[in-house]
Amino acid sequence: SQQGEEDPQALSIQEGENATMNCSYKTSINNLQWYRQNSGRGLVHLILIRSNEREKHSGRLRVTLDTSKKSSSLLITASRAADTASYFCATSGNNRLAFGKGNQVVVIP
Amino acid sequence: NAGVTQTPKFRVLKTGQSMTLLCAQDMNHEYMYWYRQDPGMGLRLIHYSVGEGTTAKGEVPDGYNVSRLKKQNFLLGLESAAPSQTSVYFCASSYVHTDTQYFGPGTRLTVL
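Protein sequence lines correspond, in order, to chains A and B.
The opening residue of the first sequence carries number 1 in this note's numbering; numbering runs sequentially from there.
The opening residue of the second sequence carries number 1 in this note's numbering; numbering runs sequentially from there.
None of these hints come from the bench; they were simulated from the model.
Remember, predicted model here, so these are calculated numbers, not experimental data.
Cβ atoms here follow ideal geometry from the backbone N, Cα and C, with glycine treated the same way.
Facing chain A, according to a computed beta carbon distance under 10 angstroms, are these residues of chain B, among others: (1) V4; (2) Q6; (3) Y35; (4) Q37; (5) G40; (6) G42; (7) R44; (8) A56; (9) C91; (10) T98; (11) D99; (12) Y102; (13) R108.
Bound conformation, chain A alone (with noise of 0.2 angstroms):
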């Protein structure tokens, strides 16, 4: 299954703690993408990284690439109240994007 699954599926941190969550995949990817969902709302596209790429930044986002290993993380620096999300990898393939299931993040203040 090309269907990314996230790691852990739930996260409980302090604030200003980071957040560290992975995302792992089967088979070969074009890229992979990181979305945030807040409870009611659409998702919200974070950041992608391409395969031939092996880190990106994005303010307080780093996202890993592992294409050996099949695998991602995301981490949020400095958490805030307002990261409290549904974070979702998906992977790009089979001229489609399929999301995993979802990680939930609760920041506590």
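With the hints as your guide, set chain B onto chain A.
Same frame as chain A, now just chain B:
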């Protein structure tokens, strides 16, 4: 720019009724998608379109039909609703196929 909009936001149907969900985007994107989101299942692709007048099946197309008569609009139809179609439906669009997708706010559909 409004981005991607969806109507309606909520809807309750009885089994066997039909309805159409409308998605509109003002970003001049060629590619548009319909997903459903169920608890514990993530997002699953129903149908997608690679341009005006085209449609293609996704992962879970049964029970749904779509049309893309205008570039900015992508309609999702349920001809005979079933309780299994109770879900939250999201529309998305993209400039490049399977690159960054922009999502609408979703439609929460309940089929009784």
